[in-house]
Amino acid sequence: MNFSETLKLALAAIWAHKLRSFLTLLGMIIGVTAFMVVLSLLQGFNTYVDEKIAGIGSNSFTIRRFSFEDFKNTDTIAEAQRRNKELTFDELEFIKERAQTIDKIGAKALPNTAELKRGIEIMQDVTIDGVEPVIGEISNVDIAEGRFFTDAENANAQRVAFIGADVATKLFPFGSPIGEEFTMRGIPYRVIGVQTAKGTVFGQPQDVFVQLPIKTYGSNFGGLTRSRGLYFEATSKSAALFKDAVEEARSLLRIKRKLPAGEKDNFGILTPDAIAGLRDSILGPVFIVILAVPGIALLVGSIVIMNIMLVAVTERTKEIGIRKALGARQADILKQFLLEAGTLAAIGGFTGLILAQLLGYIISAFLIKTIIPWYAAVIAIGVSALVGILAGLYPAWQAARLDPIEALRAD
Amino acid sequence: MRNIWKSYQMGTELLHALQGVSFEVQKGEYLAIIGPSGSGKSTLMNLIGCLDSPSKGQYWINGNLVSAMTDDELAAIRNKEIGFVFQTFNLLARATALHNVELPLIYAGVGAGERHERAQATLASVELGDRVLHRPNELSGGQRQRVAIARALVNHPSILLADEPTGALDTKTSFEIMLLFEKLHAEGNTIILVTHEHDIAERAHRVITIRDGEIEKDERIK
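Read top to bottom, the protein sequences are chains A and B. In this text, residue positions in the first sequence follow the working numbering: the first is 1, and each later residue adds one. In this text, residue positions in the second sequence follow the working numbering: the first is 412, and each later residue adds one.
Check the hints yourself; a few may be wrong.
In the SDA-like style, the derived pairs of lysine to any residue whose C-alpha atoms are separated by at most 25 angstroms in a straight line are [unchecked claim]:
(1) B/K438 x B/R542
(2) A/K8 x B/K438
(3) A/K72 x B/A504
(4) B/K491 x A/N112
(5) B/K467 x A/L402
(6) A/K237 x A/I143
(7) A/K85 x A/F3
(8) A/K318 x B/H609
(9) A/K318 x B/T481
(10) A/K318 x B/K438
(11) A/K18 x B/E525
(12) A/K85 x A/S67
(13) A/K318 x B/E549
(14) A/K237 x A/R254
(15) A/K243 x B/K438
(16) A/K96 x A/G218
(17) A/K318 x B/A597
(18) A/K18 x B/L509
(19) A/K8 x B/G553
(20) A/K318 x B/M480
(21) B/K491 x A/T62
(22) A/K117 x A/K52
(23) A/K318 x A/V293
(24) A/K8 x B/G520
(25) B/K491 x A/D332
(26) A/K8 x A/Q398
(27) A/K96 x A/L259
(28) A/K215 x A/N112
(29) A/K104 x A/F68
(30) A/K18 x B/R505
(31) A/K318 x A/S4
(32) A/K264 x A/T88
(33) A/K18 x B/G552
(34) A/K52 x A/F66
(35) B/K491 x A/I143
(36) A/K18 x B/T481
(37) A/K104 x A/Q43
Bear in mind the hints are in silico, worked out from the structure with no lab data behind them.
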């Protein structure tokens, strides 16, 4: 008896008990769906972080007052707050003048929030950044309309703003915002550019911000320290020089701060690798947990399948007897029931996959773009079928070794 | 068919269902095996049908020593040499008449095209050519038994082995089925009929009477 004959038989048997097959597969379906959804979320998150890193430019890094390690616990935070001084424009100049491997370096100030007004339109809780014009080049800003700041605008602390797409549509619903004005804390600003819309990530809008030249920000919001403290963004001259650039920035800052050899940095350098590393260290344990949960669902699902196959063998004892009388060998019967169990489970896996894809669309619409990797889809169906076949082994073996005379006598 | 002979004894110390039975059936014979229940005729039928192996003695079909075969070899012999007709038809309820008739060919490894053709032709030969896509529950008892007979014949077996083939049928239908057996015999098929009814057995050409696991009588009546 060949494979396609056996497969037809399996599908007919499953179809003959539609509701029972479905109920049997529920555990399996839930397991696979859960697995796929979480996996697609993770994949989506990873891709998002990778895109962000790529957006910053993989050759870029930031220099901050604190490093990741400083946030380990309250003691290290307290120590870092004592040791680590705020970054200054002096230090920026020091690095800029001496560095050989750094292509561009610029300062940003930590953001505040403010209320925007234009006529009767009011927008609250908008993120306000202060940046040096060179940051536009370093962070590969996507400009939808207008332009980024010039050095002159920064030097003169002109009241010009580069705004997010949501700010543009909210405050300027009709016509282009370029050249138009809005007010913040009673001070008017002129819009010179709008960023391309970025959507939301984890429910966080990416388009509700105003960027000002850093000097404008400093003079109108009150001093570039503490909650408006400085940090630097830099790029290396080439990808090959990236590590050198990071090292050079570190050495120069240590020299400027007169740190003796052996003493640890009193500042932090954040590289894309470090961000990816942090992500992996957070998501690694999550990954193991999410593997365990569907694993248990799959195990339970396989036990249910084994149970239902045992029932099927008992129910169809007569059929097995007839088939044997007509010349079915043990292997034929074994194959029939194994394939039935395998097909049943694969259908469960496939259904789970479809369900996960549908849930994925919903999650993508509200939270983050999810991606089901193709290998995971293949694994889901493959593992399901394999689990089904394993679960079917014992029942199928029971069926195959039935005595034809006994089996024919059954009713 | 040449040279079947078997002697057989149930091996346990307690029960001897068959105690040294020997006979030979020639190709084209129409044989009835008759005996009261408990006589050992079912055991004998299972052995003839290669569903079971004797504990002692030898059984040959067409030069094959069946009594020494493994389960899978027995399955192959059943497929090739034996056509079963059961009292309760034993059709697959979920399958069409056509599919039921195709079953032996599936296990014989016959391809789909040829299989359909042969099953169709065999169904037509038992006058069910217009019922091929009906399921057993859509057919009358007589029609079901004819599907079963078609299934038994489709792989051209050496022996058509019928176990109380009229036991579940009314008198009129039984008569039709017996006529069908006569027709099949006239066409050259070898038929072994196992029954406890004398008037059924008398339609055969040779009758073997089994009692207490032994052959009581072996007579040619036609």
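Cross-check of the supplied hints:
{"no.": "1", "hint": "B/K438 x B/R542", "result": "31 angstroms, violated"}
{"no.": "2", "hint": "A/K8 x B/K438", "result": "38 angstroms, violated"}
{"no.": "3", "hint": "A/K72 x B/A504", "result": "70 angstroms, violated"}
{"no.": "4", "hint": "B/K491 x A/N112", "result": "88 angstroms, violated"}
{"no.": "5", "hint": "B/K467 x A/L402", "result": "23 angstroms, holds"}
{"no.": "6", "hint": "A/K237 x A/I143", "result": "24 angstroms, holds"}
{"no.": "7", "hint": "A/K85 x A/F3", "result": "73 angstroms, violated"}
{"no.": "8", "hint": "A/K318 x B/H609", "result": "29 angstroms, violated"}
{"no.": "9", "hint": "A/K318 x B/T481", "result": "22 angstroms, holds"}
{"no.": "10", "hint": "A/K318 x B/K438", "result": "31 angstroms, violated"}
{"no.": "11", "hint": "A/K18 x B/E525", "result": "32 angstroms, violated"}
{"no.": "12", "hint": "A/K85 x A/S67", "result": "12 angstroms, holds"}
{"no.": "13", "hint": "A/K318 x B/E549", "result": "20 angstroms, holds"}
{"no.": "14", "hint": "A/K237 x A/R254", "result": "21 angstroms, holds"}
{"no.": "15", "hint": "A/K243 x B/K438", "result": "93 angstroms, violated"}
{"no.": "16", "hint": "A/K96 x A/G218", "result": "21 angstroms, holds"}
{"no.": "17", "hint": "A/K318 x B/A597", "result": "33 angstroms, violated"}
{"no.": "18", "hint": "A/K18 x B/L509", "result": "24 angstroms, holds"}
{"no.": "19", "hint": "A/K8 x B/G553", "result": "29 angstroms, violated"}
{"no.": "20", "hint": "A/K318 x B/M480", "result": "24 angstroms, holds"}
{"no.": "21", "hint": "B/K491 x A/T62", "result": "81 angstroms, violated"}
{"no.": "22", "hint": "A/K117 x A/K52", "result": "30 angstroms, violated"}
{"no.": "23", "hint": "A/K318 x A/V293", "result": "40 angstroms, violated"}
{"no.": "24", "hint": "A/K8 x B/G520", "result": "15 angstroms, holds"}
{"no.": "25", "hint": "B/K491 x A/D332", "result": "16 angstroms, holds"}
{"no.": "26", "hint": "A/K8 x A/Q398", "result": "22 angstroms, holds"}
{"no.": "27", "hint": "A/K96 x A/L259", "result": "19 angstroms, holds"}
{"no.": "28", "hint": "A/K215 x A/N112", "result": "14 angstroms, holds"}
{"no.": "29", "hint": "A/K104 x A/F68", "result": "24 angstroms, holds"}
{"no.": "30", "hint": "A/K18 x B/R505", "result": "14 angstroms, holds"}
{"no.": "31", "hint": "A/K318 x A/S4", "result": "23 angstroms, holds"}
{"no.": "32", "hint": "A/K264 x A/T88", "result": "19 angstroms, holds"}
{"no.": "33", "hint": "A/K18 x B/G552", "result": "29 angstroms, violated"}
{"no.": "34", "hint": "A/K52 x A/F66", "result": "21 angstroms, holds"}
{"no.": "35", "hint": "B/K491 x A/I143", "result": "80 angstroms, violated"}
{"no.": "36", "hint": "A/K18 x B/T481", "result": "38 angstroms, violated"}
{"no.": "37", "hint": "A/K104 x A/Q43", "result": "32 angstroms, violated"}
Of the hints listed earlier, those the structure fails to meet are numbers 1, 2, 3, 4, 7, 8, 10, 11, 15, 17, 19, 21, 22, 23, 33, 35, 36 and 37, in rising order.
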